[in-house]
Amino acid sequence: MSIVKLNNQAVKNATSFGSISSLGSMTFIKKLTASSSATLSFVDGSDGVVLDDTYKEYVFTFNNIHPSASGDGNKFQFNFSTDGGSNYNVTKTTTAIRVWHYENDSETGLDYHTGGDLAQSTNFQVITEGLNNDNDHGASGTMSLFNPSSTTFVKHFITETSSIRPGNINYRYMTAGYGNTTSSIDAVRFQISSGNIDAGDICLYGIA
Amino acid sequence: MPRHHNINGNIVPFTAEEEAQRDAEEQAWNNGAFDRAMADLRQRRNTLLSASDYFALSDNTLTTEMSTYRQALRDITNGLTTIEDVNATVFPTKP
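Respectively, the protein sequence lines represent chains A and B.
Last residue of the first sequence: 226 in the numbering used here, with the numbers rising by one and none dropped.
Last residue of the second sequence: 170 in the numbering used here, with the numbers rising by one and none dropped.
Keep in mind that the hints were calculated from the coordinates and are not lab data.
Take the hints with a grain of salt, since some may be wrong.
[To be verified] Straight-line distance between alpha carbons at most 20 Å, and here's what the computed SDA-like set of lysine to any residue pairs gives:
id, chain 1, residue 1, chain 2, residue 2
1, A, 49, B, 80
2, B, 169, A, 124
3, A, 48, B, 87
4, B, 169, A, 117
5, B, 169, A, 126
6, B, 169, B, 130
7, A, 48, A, 224
8, A, 49, B, 79
9, A, 49, B, 87
10, A, 49, B, 85
11, B, 169, B, 128
12, B, 169, A, 129
13, A, 48, B, 86
14, A, 48, A, 219
15, A, 48, B, 84
16, B, 169, A, 125
17, B, 169, A, 122
18, B, 169, A, 118
19, B, 169, A, 128
20, B, 169, A, 119
21, A, 48, A, 74
Work out the full structure: start from the sequences and follow the hints.
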């Protein structure tokens with residue numbers, strides 16, 4: 019199979035496309051791997067973690083987040099910090115939408131999930147819900163965080179995940195919202211509402 | 076086993092204060108499990124009811140099958156007393 023080329027360079031090395039230069043990039047910053055961890059936190063300024071004005075957008079990827087606790091379904095959630103991780107309590111207003119489909123094809127649905135949104139609350143924001151510790155349960159997805167270092171504007175974010183909850187129901191869970199602060203966000207914490215993150219990893223990328 | 080934070084890849088044990096706070100949060104969470112499951116079931120039931128509301132408009136004739144289906148949706152929370160009951164709930168098939 020021949021190599022696809024742009025400007026006589028392999029695509030992965032291309033720096034321009036026609037008249038468009040500076041194609042941009044998605045730069046890997048840090049990977050955190052859960053091992054019965056109560057929380058996973060990315061804090062700007064140490065251990066290679068960058069969460070400042072270096073990038074205008076950051077992307078977190080969630081890979082097979084698996085809770086330790088059984089039960090009615092745990093929530094995978096996050097919060098922001100504006101003080102380097104001392105406190106995770108940024109005020110947020112958010113929305114949550116979920117789509118579901120039973121493994122046995124008995125039911126499908128779509129609704130606005132009132133149990134997953136926030137209205138000017140400092141609580142942790144749900145990324146997805148209904149997680150159990152069966153091996154065929156868990157969640158994967160992404161979160162985009164826009165311009166976290168702005169001292170002028172609020173901090174928008176979008177999350178999207180695929181997960182499986184008790185009853186063997188596939189969930190597509192989507193949230194969006196903003197951290198209602200003009201302070202720089204310099205840390206993000208992820209956790210499960212009850213118990214630990216048994217396994218899984220979260221990667222942080224900067225978008226240029 | 077004591078809980079820990081993973082901060083930028085560094086393992087940081089919970090303080091005694093954090094352990095106590097987390098214990099209290101988890102207890103409160105577990106105490107509300109059944110109520111959350113029922114609230115979730117009702118919301119999904121209400122979505123299905125809304126999706127068939129137009130069959131019950133005054134200029135429509137509601138069939139017996141649709142009437143039975145909608146009544147079964149309304150009754151779906153009857154007799155549920157445990158999380159397991161809620162998770163085992165099967166919604167009726169829309170005619």
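Next item on the list: Please flag the earlier hints that this structure goes against, numbers listed from lowest up.
Entry: none
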